[in-house]
Amino acid sequence: MLSSDIETEHALKLLSRRHFLQAMGATGAGIALGTYSRDLEAYAAAPLPPSDGILVVLLLGGGNDGMNTVVPIANGAYYDKRKSLALSANQTIGIGQGFGLHPKLTYLKTLYDQGHVALVQGVGYANPSLSHFDSMATWMRGQATGGSFSGWLGRWLDGAADTSPLHMLNIGVNVPLHLTGQVRSASSMAPWGMDLGGENDAPHNRLYGAIRSLSDASSGLGPWGDTITRVERDALDIGRDVVPVFASKLPDGDMARDMTLAARLINANLGVRVVSVSQDGYDTHSNQATEHDKLLGELDAGLRALYAGLEPRFANRTTVLVISEFGREPSANDSAGTDHGTTNTTMLIGPPVAGGMYGQAPSWSDLDDNDRFKSSLDFRSIYATVLDKVLGADHQQILGANYETLPLFSGALLEGVPAPPPIPVVPGRLLPVTPTRKLDTREGNGGPQAKFQANVEETVYVLGVGGVPAQDVTAVVMNVTVTDPTNAGFITVWPTGEAKPNASSLNFVPNQTVPNLVMSKVGANGRVSLAVSDGAANLIADIVGYFSKAGGSSLVPMTPIRLRDTRNGEGKVGPGKTIDVQMTGTAGLPASGVSAVVLNVTVNEPTNAGFVTVYPTGEAVPTASSLNFSAGLTVPNLVVAKLGPTGAVSFFNSDGSSHIIVDLLGWYDVSGSGPAASASSPQRLMDTRDTKTKVGADSTYELKVTGVAGVPDDAKAVVLNVTAVDPTETGFLTVYPAGRPLPNASNLNFTPGRTVPNQVIATVGDGGKIAIYNKRGTTHVICDLVGWYV
Amino acid sequence: MATPAVDVAHLLRRAGFGGTSAEINSFASQDLPQVVDHLLNDAGAPQPGKPAAVADPNKSEWEQFHALGNWWFDHMASAPMPLLEKATLFWHGHVTAAYKKVGQPDYLWRMHATQRANALGNIRTMMQKCAIEPAMLVYLDNAFSVDSSPNQNFARELLELFLLGVGNYGETEVESCAGAWSGHNLNEDTGQYEFRGNDHDSGNKTFMGITKNWDGPAIIDFLFDDPTQRMKVATFLSAKLWSFFAHPGPPANIVSDLANVMVAASFEMKPVLRALFLRPEFYSSQAKEGLVRSPVEFFVGIMRASGLRSTDAAPMQFSDGFGQEPFNPPNVSGWRPNKYWLSAGTSGQKASWAANLHYRLSDQSRDVFRDLVALPVPQAVDNALARVGITAASPRSKATVTDWLTAQRAAPYEDYFETFGLTTLVMLLPELQLA
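First to last, the protein sequences are chains A and B.
The first sequence lines up with residues 117 to 906 when you count with the working numbering.
The second sequence lines up with residues 5 to 439 when you count with the working numbering.
In case anyone wonders, no lab produced these hints; they're calculated from the structure.
Fair warning: there could be bad hints in the mix.
Unchecked claim - Subject to a maximum C-alpha distance of 25 Å in a straight line, what follows is the list of computed SDA-like cross-link-like pairs (lysine to any residue):
(1) A/K410 with B/G174
(2) A/K808 with B/E418
(3) A/K197 with B/S153
(4) A/K808 with B/S153
(5) B/K236 with A/S245
(6) B/K104 with A/P367
(7) A/K199 with A/G397
(8) A/K490 with B/G174
(9) A/K808 with A/D900
(10) A/K891 with B/D60
(11) B/K104 with A/A405
(12) A/K199 with A/Q213
Let's have the full structure, built from the sequences with the hints guiding it.
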């Protein structure tokens, strides 16, 4: 039976160790109230040493079907036994050697192509249990022989020198067995944030001091009583330290949210070494196809979110280990599902990983007595490798035996994973232009022929040339590429004349070429500023469009559609060659009225280093690049492309031969049905917490939004980030024009006690006001202005 | 002969959700067997009907599920027979079904009603009835299990989790049991169990060495009748009962004694619980200090003591964050004890709940501790502790609250913080987190 219970004797050990540590610290004895200070005191969260590997464990609960994850597309037995559940070769994403990835694993494929994914086949253990709990407990304990209820990572934590409760974290409210040691266990963190320790005023600090002092000496209530007070103290410490991690909105979807949180916790540099995230629902006894699609889609989004969120200095030493308690049976059952199996494929992902296929794929004919797969590799060999290579441990001490390790890690830090670019979300009116180069430090174009130096601001004049008018321009859209950087770091782009924000537009590691689409307000004198954070780097900036007060097109997002994939029989695009892709009248786009499209363009298996330029069909190839790449690497980039007169877009390949894949994400409507946008630096318009008066149930709060915070009196709508804080009921807010009827819609839904933000475009009503209606319970409301429409 | 008050208080916490000082003093004047018999006497216990909200077609499935959970919280907080509620909670975590898979709050209610009706009755009856509850048929995939390819989910868990435990059966038993249960399906149109003979495996199957045409219910009967198997069932369930009511890691001799009582009583619950509550080891410090409150016990203990009901205490809105949502266990094995409930995350959630409770009530000027601001510190502290059900505070907890309140009241212009701070601090005291 799976049990994460620490037996009482272990709780006692936990206590004696904790009390020892405490006695060594600064906390006084006795029951006098300690003053709770935000200064780091007895407990201190310290950064990780720069060479320490970081581990993210991803538990797929229920038993993932490894055969439909890494699909043996060359194996006829798979198709015989899986019948309608089998994925055809065409449905999968081919990775060679007779295997294809599940179609939802597109980002995993990107990482695989970059050499960052190890797929280990035939993993299991002797005499496998088919019980979820028994088998998961076996995986979680990770011991040579059964026995005590402690987990493999928990035992590693027992011996870790860093005693901070942040060293190992579970995203969730409980601590699962694999993170529970003999004398220590991981901390847990709810994905909606810590609710204790985050405030910093005199009465809160006095209260925290009282809660903290409960653990200064024994409660006299037994080992569990003392464990309780100690855990509450940990909650206070963690709550204090992770306040910034929850400062900005987390993405929707549990996996993307939890993995983003993992990335932020690691980025916070608080000494987080191991994070565990779980995803349940893989027990697909029935209706597997739909469920598995959904789960793997979420998993892929989670991986994307993790590496998009991690700063390069952490990304390049973060490994994800994906495990599940077992695989499924070879044959499908009669409920269009699969029953509990044995052997599975284990995945290790990340820049430190030496990518490729490992282990031995299980035979479909040589099955065990119950017609299930035979394992060829004990999962503890993988644990041993991870313990030794990522966590710097001696695996024999932790696992209780010596296991053969595998060459799953390259030994050196590999190239960082490029962060996928975010879709530009400013819903304004775009005027696309033929790409125009504004800056190329390799050529001395737009500035001196010299690399940008760390933290030196350089400015680029973006108005009046290359199709961009001298007037009425509010923001520009640029493709910014970094190349030949000497160090890991990031690029910041901001309006000239404003303080440099603490934000990054593009992250990179040494010697990497990384493009990204960047949108920036235009600053003083028609200029935009750029700076590199570390070392020196060449920068290239091409303008692809601008936002104008004088009118333009508005963005219509779409469900992504693949328009072209040269891997489908067409063959690679040769050097100096161009392919044209029709946009209007296809793939759901109207026949006219489209000024530009938003594309995700991917270059695959390029034979040489080079670039792709995306430009309006019918025009000459401009001196600009949409996507730069090195030989052999797969590189995606978001591209905003102006259409030619026939409604088509051309793709020019500069050097060598490359596959080109074109995905359509959205288009710009020339009718510009939305008014023009102005971007603003965020400003707080309202915070009911200041007056300690919540917005009541079934009541409306009116807020003047014009003539304040720089919003002009004739603004037609404002773009707000609205946040509900501490709502008492399940309910929603509706933001609508003051003086108009309450619409039957909600802008932001919440449940009690949660903090929920959302971006809202609110039409201005009577008296320059908007109305905020709260349906049920009471809630604090915060409104931050981020832009407006005139 | 009187019973020590500390033992009575312990018994009332474990056989229910805690008693008031008056109840403890009253029972302390009686013999322990008298007290236990009183607690076990469920004559006249109300047999509640389906909560109206579960049948309300204007409510979404999710709203019905929440209403069902809140109804049970309120019922646990007010029921005159708390041991019946506690025993129902035990079975709720042992023979499980989860909203996240089943949906259908009506099915969940029907299985709950079956468990409630048999929680202190006969275990075999309970198992036979639960096996064909629509909630169970859906949750463990027997709803459409047919003989050509029987689904093993229910068959496996019946043996592993409900009756025997790992190691007491083999894969042959799982396969045969799955065949025996094939055709015991759900009619989705009527929402009723239905036996479909055409889809039932009526061939010979081998179960525990006996080859014959096994049928599903006959397998359960066999496990309760066969002298060898029934002792294994009794041992497995006795260990779980001791772990739930006394402490995890039950000593073998106690398990063996309880199992013998169980078999002798033909699997009636009351004689087993009577023996359990009369064991001297039940009153050992190992037992008294051996369990952390589950979130359900935490809510209900405070609700019973304070008179708060779900409209104010909002247990269903927070139980997910606390890690224990009734009618929605994380998996078929139910919930784990002790360390499982203790983490920085759950501590933070408790603080968040306390703050929410405070705001919710103070908005309506009926804050749970509002009247205490007029009392001197010692009386305010005593009242606050008693109001949430702490009948015997540790000196350390009491001193901590007293010192904090004294300092809080000495701070100028911060009186607005007093009831909020008191609510948060008291709700985090270790006494409230221990079962």
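Quick one: which hint numbers does this structure break? Sort them smallest to largest. Hint check: 1 and 4 fail, others pass.
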